Each structure stands twice: as C-alpha cells, then as structure tokens.
Amino acid sequence: MKLITAVIKPFKLEEVRQALNDLGVQGMTVTEVKGFGRQKGHTEIYRGAEYAVSFLPKIKIEAVVASTDVDRAIAAITAAAKTGQIGDGKIFVSTIEKTVRIRTGESDLAAL
Amino acid sequence: MMTWTKSGASRVAALAAVTLPLFASAALAAEAPTPNKGDTAFMMIAAVLVLLMTVPGLALFYGGLVRSKNMLSVLMQVFYSVAIVSVIWVVYGYSMAFTEGGLYNAFVGGFSKAFLSGVTPDSTVETFTRGVVIPEYVFIAFQLTFACITPALIAGAFAERMKFSAYALFIPLWVTIVYFPMAHMVWYWAGPEAIASAAKAIADAGADATKKAAAEAALAAANANAGLLFSWGALDFAGGTVVHINAGIAGLVGAIIIGKRVGYGREAMAPHSLTMTMIGASLLWVGWFGFNAGSALEAGGTAALAMINTFVATGAAALGWMIIENMTKGKPSLLGMVSGAVAGLVAVTPAAGFAGPMGSIVLGFVSGIVCFIFCSGIKNALGYDDALDVFGVHAVGGMIGAIGTGILAAPMLGGTGVFDYTTGKVGDFDMMTQVIAQAKGVGFTILWSGILSAILFKLVDIVVGLRPATDEEREGLDIVDHGERAYNY
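In order, the protein sequences belong to chains A and B. Under the working numbering, the first sequence has 110 at position 110, and the numbering climbs by one with no breaks. Each number in the working numbering comes from the position in the second sequence (counting from 1) with 1000 added on.
Derived from the structure by calculation, the hints contain no laboratory data. Computed from a predicted model, the values in this text were never measured in an experiment. The C-beta atom is built at its ideal place from N, Cα and C for all residues, glycine as well. Be aware that one or more of the hints could be misleading.
[Said to hold, decoys possible] Quick list of the computed label-pair ranges, beta carbon to beta carbon:
no., chain 1, residue 1, chain 2, residue 2, range
1, B, I1479, A, E106, 37 to 47 Å
2, A, A66, B, T1328, 34 to 44 Å
3, A, E44, B, F1079, 25 to 35 Å
4, A, F55, B, F1079, 54 to 64 Å
5, A, R103, B, E1472, 44 to 54 Å
6, A, I86, B, T1328, 35 to 45 Å
7, A, L109, B, G1265, 32 to 42 Å
8, B, L1447, A, F55, 42 to 52 Å
9, A, Y51, B, G1301, 46 to 56 Å
10, B, G1330, A, T104, 56 to 66 Å
11, A, Y51, B, P1033, 53 to 63 Å
12, A, V33, B, L1447, 46 to 56 Å
13, B, A1041, A, Y51, 41 to 51 Å
[Claimed, not checked] Straight-line alpha carbon distances no greater than 25 Å define the calculated PhoX-like cross-link-like pairs of lysine-lysine that follow:
no., chain 1, residue 1, chain 2, residue 2
14, A, K40, B, K1329
15, A, K40, A, K82
16, A, K40, B, K1331
17, B, K1440, B, K1200
18, B, K1211, B, K1200
19, B, K1425, A, K34
[Said to hold, decoys possible] Which residues of chain B face chain A? A partial, calculated answer using Cβ under 10 Å:
no., residue
20, I1177
21, S1273
22, L1274
23, M1278
24, E1325
25, S1333
26, L1335
27, G1336
28, F1372
29, N1380
30, D1389
31, G1450
32, A1454
33, K1458
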C-alpha cells in the first residue's frame, strides 16, 4: 500500500477527484493548505501598507492505494491537475504499513 | 411670509440685544414665523441619514479594515459613541454649543438650555434665510447626529489597541472639552433676523442720531454674538473644521500617544473584509447627503447645491485616488477607490453650500490625489500608526476642503459668494481675505484639538490606562474586552 500525497491548485480538486474515482479509488482526504514552491507569492497593497504574501492557498489530497495502482494513480492526478503553469503542485508517495477500517475491523487492502 | 413694520423690526432688534439667546426665535412671540412642513420633513430625514452614516456606515467602513479579532471592538466603539453622545447632547451638549455663553461666548455657550430647558414642540430656530424657521427639536436632533459621529471618527486612529474602558471614558470627556466648544465657535451666531432687522433699523433711523446710535449698537451686539471662528468670517458649511479636522487631529494625537500596534510593520495587518468596508463607505456616501444638504437647514436651493456637490466631488475624488494609485502602484484597488470617495466627501463638507459643481469636481479630484500621497507615502515616512488613516483622510481632506472653500466660494469660480445679512444680498468677495480667514480657522482647530486631546488622552491613561496588555492585544479586543467573537464558523 502506498500513500499518495498530492498538493494541487484548489480549482483542480474536482477534476482530480473525478480522475481518481474513475480509477476505482474509493476514498481520499482533502485539506486546505498554504505553501510555496517555485511559484513564490505575490504582493498585496492596502493603502500605504504593502504585504508580501509568501504562502499561497493549495489543496492537499491524501489517498491510499494498492502498490500496484500507484503509477496509474500518479498518471491520473498529473493529467488532471496539470495546467502547464508554474504552481501546479507536487506529488509525494510513501509506504503505508497497515490500514484498518474502524467499523468492521477489516485490514490492509480489504480496508481501502 | 410676514412683513416687518418699522416698530416691529426695531423692537425685535432691541429685544435681541437684551436677551441674546438669539438663535432660537421662540421669544419673538406673536410675530414669530412658523415652520414650513416641507423644511421640517426634510430636516428630519437629514438627521436620520447622518445616523445612517455612523451606524452602520462608519462602523462597517472601519470594521472591515481591521483584523477579524478586533471587528467587534470597532463596531462597539462606534455604537457606544452614538449612544453616549446622544444622551449627553440633550443633557448639556446642545446648550454648550448653541446658546449664548456670556463672558466666554466666543469659545463656548452656557447652560441655559441644559436638559433642554424651555424647549417645547413650538420652539423654533432660524435657518440661514430671514423669516424661515424649523422646530428646535429637529435642529437639536440634526446637530446631535454630528456630535455623535465626530468622536466615532477618532476611533479609527487607535483601532485594535485601546481598552474599551479607556475609550468609554475618553469619549464623554472629548465631546465636552473639545467638540461642544468647537461647534459653538464655528456655528453659533445671532441668526439672520437679528442682523437684518438691526441693519434695517439703522437705515430707518435716518437723521435721528439717538435712534441710529441705538440701532448701530444693536447691530454690533448681534454681530459680536457669535463664536470665535464665525466672527473671523471662516466658512464651514457642514463641519470641515468642527467634525473632520477636529477628529483627524485628535486621532493623530491619540495614535502617537497610545503607540503602535503590537507587530506593526512586521506582521501582516491586512483588512479582514473589504466587502464590508465597501458597504460602509457606500452608506457613508448615502448618509452624507443628510450631512451636507441638511446643513442648509431648509429644503431649498442651497440644499440642492450641496446635494449635487456631494455627488460630483465624491466621484472625482474616487477617480483621483484610483488614477494616481494605478499610475504609482500599478493596480487600481477597491480600497483605494472607496478611500478616495471618503476623502472627497470630507473635502466637500465645508464647501458644499458655497462652491459650484465644477469647483467641487476640482476640489474632490485634488483631495483624492493628496490624501493618497499622504496615506501611502508620507505616513510611512513619519512612522506613526494611524491604523485606519483618520488623519490622512479626515484631517488632510478637511484642510484641503477648508482652504479650498475660501477659493471656490468665489462667484467668479462658480461659487455662491458670502451672503451679507445687513444688505440682504451677496457681498463683495475677496478671495485672499477669505482664504486667510479659512487658514486661521484651520490653524485654530489644529491647536485646539491637538492640545486638548493630548491632555485628555494623558488623563485617561492615568485614570484607567489606555492600552491592554500585550498578550491581550495579540488575542484580540473582541474576546478580551467584550467576551465574544465576530465570526463563529
């Protein structure tokens, strides 16, 4: 099992959700986050006060998939979230040791 | 309308010279003119429009500009100001501002109408037209709203960092020591009837030296029975000095004495809701028609002039700020545009009934540009924390308006000139004399408000302390002072 953590542009969330859904991914967790990469931030000016806004709003998606599905999931997210502009985001993959469904007690792949 | 017989007029003049609280003409007994229902209805609506400017207009304009943790504290400060000053106004404020003050009449009125003593539904006050009156209760209510909004304006300068207990003490002190005398100095005068009838008595006296001397004395007494700035000839149609420079200077002094907000210049202090700021600014604009047109005190041509000026000066100022901001910062901002609109409203306030519409466009445009330069450049260079630019918009805009009134009132520039009640027509206009009178008025207001406000801030600091603890300020005044938060998601 692998945990896919994707940080994407907020307005791409629905397309990414649809793409993962089409692959058969059963669930995901979404968080509103702020951060910066190469895109950096922007400047806001309120009358005389100028603020450099370094952290931009992003959406972080976390989904756990079977190891065999990882590459297809990555491809689906990449295709759905891509605009070609700087700031499209990143995908991180890590290994998950164990998964349990609380309601039934099922574990690992059966719990996904 | 009524006709004045020779004996009637001189009797009124003589009576006026003796009793002196001339602003109210209730004493004129059987010959007293009665209020026109149209004027009365107009002034009632104007008073309510000024209330609309304050709550919710000013409250939302300011509230949107602070961080969400201090939203309620700002709304509370504005609302409190209206509540407390409404009560104080009828207890003694109106009397201090609009009655004859004896020995100190140049500076402040007396207490003859404390608790609105002697005022009845039949009492009337004169407008600026001879023989036209409105019910005194309406005039009291209209002026009440001015007294309420002025201290509320100051709150923007020290927003987000003054204890409510300190504010609650400061406001009644400030209106008593600073505002009521200032309103008296600028707006208190004998009224059209006393001056015009005394002047007529002089003319009627002809060769009778005794009669003439008595009439001249009556005229001198009527002319002298006015506040200091009024007697200097300073023009202030709707309160450029009394309201805006007065509040702006008090705000600057307060911002300096209280000190900068914790984290000022290091942490982001972006406005939490420019949507609300836009709603508030728009309500200010709407309500300002009551403020400016209502200051004519009757529904006539002067009110109409003030109304059109309040449209065009505001529009021009919003455009002025937008254009220069776009040129210097690269983008035209909504906050800039509404700030410009408020600067224009402030600038046109003293000029509203004197300048022509074309003059008002110039006045507004200039005020939008100058206030932008002040708020986005000079303020940062000077380094004080006037949180919501009370000085940069109200004092600076007020000064431009006050001086500009001296220029734009000139008939050759489309202004109305200055009406001379002794001759019953517009007098000769000397621009230089008028500008000097305006500048004296501005200078006096700066000193009066600056010195007295500083003393009051220091006094309040000693009695209850001006600032919350640093931790409390970081937490936000809504929780610390009021035990509630503006938004519970």
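Hints and how they fare:
1. For B:I1479 and A:E106, the hinted distance range of 37 to 47 Å is satisfied, since their beta carbons lie about 45 Å from each other.
2. Here the CB-CB span from A:A66 to B:T1328 is close to 58 Å, at odds with the stated 34 to 44 Å.
3. Taking the beta carbon of each, A:E44 and B:F1079 are about 30 Å apart, inside 25 to 35 Å as hinted.
4. Evaluation of the 54 to 64 Å hint for A:F55 and B:F1079 yields a failure: the beta carbon distance comes to about 35 Å.
5. Between A:R103 and B:E1472 the CB atoms are about 46 Å apart, so this pair conforms to the stated range of 44 to 54 Å.
6. Hint check: A:I86 to B:T1328, Cβ distance near 28 Å, so the stated range 35 to 45 Å is violated.
7. Range check, A:L109 to B:G1265: Cβ separation about 55 Å, and the 32 to 42 Å hint is violated.
8. Remark: the range hint 42 to 52 Å for B:L1447 to A:F55 is upheld by a beta-carbon distance near 47 Å.
9. Checking the proposed 46 to 56 Å range against A:Y51 and B:G1301 shows it holds: the Cβ atoms sit about 48 Å from each other.
10. At about 59 Å, the CB distance of B:G1330 to A:T104 agrees with the hint of 56 to 66 Å.
11. At roughly 59 Å, the beta carbons of A:Y51 and B:P1033 sit within the given window of 53 to 63 Å.
12. As the Cβ distance of A:V33 to B:L1447 is approximately 55 Å, the hint placing it in 46 to 56 Å holds.
13. Take B:A1041 and A:Y51: their Cβ atoms lie about 49 Å apart, and the range 41 to 51 Å holds.
14. For a cut-off of 25 Å, the pair hint linking A:K40 to B:K1329 stands: about 20 Å separates their Cα positions.
15. Distance hint between A:K40 and A:K82 is fulfilled; the C-alpha atoms sit about 18 Å from each other, no more than 25 Å.
16. A distance of roughly 20 Å separates the Cα atoms of A:K40 and B:K1331; the hinted pair therefore holds under the 25 Å criterion.
17. Among the hinted pairs, B:K1440 with B:K1200 is inconsistent with the structure: their alpha-carbon atoms are about 31 Å apart, more than 25 Å.
18. Restraint check: the Cα-Cα separation between B:K1211 and B:K1200 comes to about 12 Å, which is no more than 25 Å; the hinted pair holds.
19. Distance restraint check for B:K1425 and A:K34: the Cα-Cα separation of roughly 69 Å exceeds the 25 Å cut-off, and the hinted pair is therefore not satisfied.
20. Evaluation of the B:I1177 hint against chain A yields a violated restraint, the C-beta minimum of about 31 Å exceeding 10 Å.
21. Evaluation of the B:S1273 hint against chain A yields a violated restraint, the C-beta minimum of about 12 Å exceeding 10 Å.
22. Hint on B:L1274 holds. Least Cβ distance to chain A is approximately 8 Å, under the 10 Å limit.
23. Because the closest C-beta pair between B:M1278 and chain A is about 13 Å apart, greater than 10 Å, the hint is violated.
24. A hinted interface residue such as B:E1325 counts as satisfied when its beta carbon comes closer than 10 Å to some beta carbon of chain A; here the least separation is about 8 Å, so the hint holds.
25. For B:S1333, the interface hint holds, since its Cβ comes within 10 Å of a Cβ in chain A; the closest pair sits about 7 Å apart.
26. Look at B:L1335: its Cβ gets to within about 6 Å of chain A, closer than 10 Å, so that hint holds up.
27. Using the Cβ-Cβ criterion of 10 Å, the hint placing B:G1336 at the interface with chain A is satisfied: the shortest such distance is roughly 7 Å.
28. Annotation: B:F1372 was flagged as interfacial toward chain A, and the flag holds, the nearest CB pair being 8 Å apart, inside 10 Å.
29. A distance limit of 10 Å between C-beta atoms decides the matter here; for B:N1380 the minimum to chain A is near 5 Å, and the interface restraint holds.
30. With its C-beta approaching chain A no nearer than about 6 Å, B:D1389 sits inside the 10 Å limit, and its interface hint holds.
31. Given hint, B:G1450 at the interface with chain A, is violated; its Cβ is 22 Å from that chain's nearest Cβ, farther than 10 Å.
32. The restraint placing B:A1454 at the interface with chain A is violated, with a minimum CB-CB distance near 24 Å, outside the 10 Å limit.
33. A least Cβ separation of about 28 Å between B:K1458 and chain A goes past the 10 Å threshold, and the interface hint is therefore violated.
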